[in-house]
Amino acid sequence: MNEISASIILIIVLFTLLGGGVWVGLTLAGVAWFGMDFFSSRAAGDAMAITIWGSSSSWTLTALPLFIWMGEILYRTNLSENLFRGLAPWVNRLPGRLLHTNVLGCAIFASVCGSSAATCVTVGRMNLPELRRRGYPDAQIIGSLGGPATLGLLIPPSIILIVYGVAAETSIAKLFIAGVIPGVLLALLFSGWIAGWALLHPDRVPESAGGLSFVQKLRESRQLIPVVLLILGVIASIYSGIATATESAAIGVLGAFLLSAWQKTLTWQSFRDSLLGATRLYCMIALILSGAAFMTLSMGYIGLPRELAEFVGSLNLSPGMLIIVLSLFYILLGCFLDGISTIVLTMGVVLPIIQAAGIDPLWFGIFLVITVETAQITPPVGFNLFVLQSMTRKEITYLGRVCAPYFGLMALLLVILWYFPWLATWLPSHM
Numbered sequence: 002m003n004e005i006s007a008s009i010i011l012i013i014v015l016f017t018l019l020g021g022g023v024w025v026g027l028t029l030a031g032v033a034w035f036g037m038d039f040f041s042s043r044a045a046g047d048a049m050a051i052t053i054w055g056s057s058s059s060w061t062l063t064a065l066p067l068f069i070w071m072g073e074i075l076y077r078t079n080l081s082e083n084l085f086r087g088l089a090p091w092v093n094r095l096p097g098r099l100l101h102t103n104v105l106g107c108a109i110f111a112s113v114c115g116s117s118a119a120t121c122v123t124v125g126r127m128n129l130p131e132l133r134r135r136g137y138p139d140a141q142i143i144g145s146l147g148g149p150a151t152l153g154l155l156i157p158p159s160i161i162l163i164v165y166g167v168a169a170e171t172s173i174a175k176l177f178i179a180g181v182i183p184g185v186l187l188a189l190l191f192s193g194w195i196a197g198w199a200l201l202h203p204d205r206v207p208e209s210a211g212g213l214s215f216v217q218k219l220r221e222s223r224q225l226i227p228v229v230l231l232i233l234g235v236i237a238s239i240y241s242g243i244a245t246a247t248e249s250a251a252i253g254v255l256g257a258f259l260l261s262a263w264q265k266t267l268t269w270q271s272f273r274d275s276l277l278g279a280t281r282l283y284c285m286i287a288l289i290l291s292g293a294a295f296m297t298l299s300m301g302y303i304g305l306p307r308e309l310a311e312f313v314g315s316l317n318l319s320p321g322m323l324i325i326v327l328s329l330f331y332i333l334l335g336c337f338l339d340g341i342s343t344i345v346l347t348m349g350v351v352l353p354i355i356q357a358a359g360i361d362p363l364w365f366g367i368f369l370v371i372t373v374e375t376a377q378i379t380p381p382v383g384f385n386l387f388v389l390q391s392m393t394r395k396e397i398t399y400l401g402r403v404c405a406p407y408f409g410l411m412a413l414l415l416v417i418l419w420y421f422p423w424l425a426t427w428l429p430s431h432m
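Quick note on our numbering: the sequence shown kicks off at 2 and runs consecutively.
Note that these hints are calculated values from the structure, not bench results.
Model, not experiment: these values are computed from the prediction.
For every residue, glycine included, the Cβ atom is placed at its ideal position computed from N, Cα and C.
Check before you lean on any hint, since a few could be wrong.
Label pairs and their computed distance ranges (CB to CB) [to be verified]:
(1) T268 - D361: 51 to 61 angstroms
(2) V185 - F215: 22 to 32 angstroms
(3) R205 - F272: 30 to 40 angstroms
(4) G197 - R273: 39 to 49 angstroms
(5) A140 - I243: 36 to 46 angstroms
(6) T63 - W24: 15 to 25 angstroms
(7) R133 - F39: 43 to 53 angstroms
(8) G234 - F272: 12 to 22 angstroms
(9) Q217 - L333: 43 to 53 angstroms
(10) A196 - V216: 24 to 34 angstroms
(11) R135 - S319: 47 to 57 angstroms
(12) R133 - C284: 18 to 28 angstroms
(13) L259 - C284: 18 to 28 angstroms
Using the sequences and the accompanying hints, generate a full structural model.
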């Protein structure tokens, strides 16, 4: 049986299991087992055990539960209210008002953890209850969180940029610097969309709490000092070389505990609730990651990603058409695999293709990460959608619909980067 027939059968199995209500992580593992058992000579049982253990015991992955725990601790303090008190005076006059705090919060936290899932969880834990309490529409609250949370993949430090840098033998430091301008531009596009929606639907935006003078705004912003100090501490520990991402996450947890104790909100009950909440959420995420890792291995043995990449290379396209085809290819592949897996599986074939076409690998790395970002909010396996589902209890179809405008904005940024490549290459060239 050829690869096309195998891919069609696997897609049918995937949607059948998802439609039957099977957990996403178990669905991915089930499809992987089916594919490996029927379409490859590799024994599925021991491969599944080794892969799941390897993915779940990764040292790098330990940063994720720690950042989730940090968010749970902050959620149980009054820092979420302080965040609004500090940001609200500055965004309250903008169309869309406090919805912009989702974008700002995601941009700030993305610079700390480098994970879109951790960004979505932490900012969502703080912002979702506050925005709902103030009467903002659920669709706009969730959409303005799910889309901007993908900034965790682009704004440094980014785990996926590290993976690409290793695979493409490109300077990771330059990749980090290259992601700054596109990351800021993407955040501005997100805020611009929120403002445009608010101007078209002024009746659906809650009334402003009233204007403040500049001095009063500064006074209210004092409430941001604890959060800012915590973020600066985590960032400084990474960029100074004192700590790795995992160790900086531990610093973040310790800092969150100290802030909680300072605010007198640290009790045995809050400690227990934060730990259990982080454990439940991480177990859900870890199950999906384990299933995705096994599915990645299975598809590698079947040869689907490599066959697709080699097919693209055989078309002999112009650089512009090649970028379009690769974008569609990665978006399609990202509907079923996590971003890191797609890069690891295909980079060996794709990198020579883009180099032969005269495309700068540094620029392509940023372009690729933005493309992978779109897959985080693309059904059926959009990872951020599942994180949002765990927090909101909404259907995947609903979440995909409210996040769709942000998918379009990321596609727009890809077009802008193609016509203005210096947005990604200017800063690294001046290092």
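Hints, verified against the model:
Between T268 and D361, the C-beta spacing of about 54 angstroms keeps the proposed range 51 to 61 angstroms intact. Our hint of 22 to 32 angstroms for V185 and F215 holds, since their Cβ atoms are close to 24 angstroms apart. Distance hint check for R205 and F272: the Cβ-Cβ separation is about 39 angstroms, which falls inside the suggested range of 30 to 40 angstroms. Against the hinted window of 39 to 49 angstroms, the Cβ-Cβ separation of G197 and R273 comes to about 44 angstroms, which satisfies the hint.
Checked against the given bound of 36 to 46 angstroms, the beta carbons of A140 and I243, roughly 42 angstroms apart, stay inside it. One distance hint, 15 to 25 angstroms for the beta-carbon pair T63 and W24, holds here, with the actual separation near 23 angstroms. In this structure, R133 and F39 meet the distance hint of 43 to 53 angstroms, their C-beta atoms being roughly 46 angstroms apart. Checked against the given bound of 12 to 22 angstroms, the beta carbons of G234 and F272, roughly 21 angstroms apart, stay inside it.
Look at Q217 against L333: about 51 angstroms separates their beta carbons, and that is inside 43 to 53 angstroms. One distance hint, 24 to 34 angstroms for the beta-carbon pair A196 and V216, holds here, with the actual separation near 26 angstroms. Remark: the range hint 47 to 57 angstroms for R135 to S319 is upheld by a beta-carbon distance near 50 angstroms. Checked against the hint of 18 to 28 angstroms, the C-beta distance between R133 and C284 comes to roughly 25 angstroms, which is consistent with it.
Hint check: L259 to C284, Cβ distance near 27 angstroms, so the stated range 18 to 28 angstroms holds.
Checked against the numbered hints listed earlier, the structure breaks none of them; every hint is satisfied.
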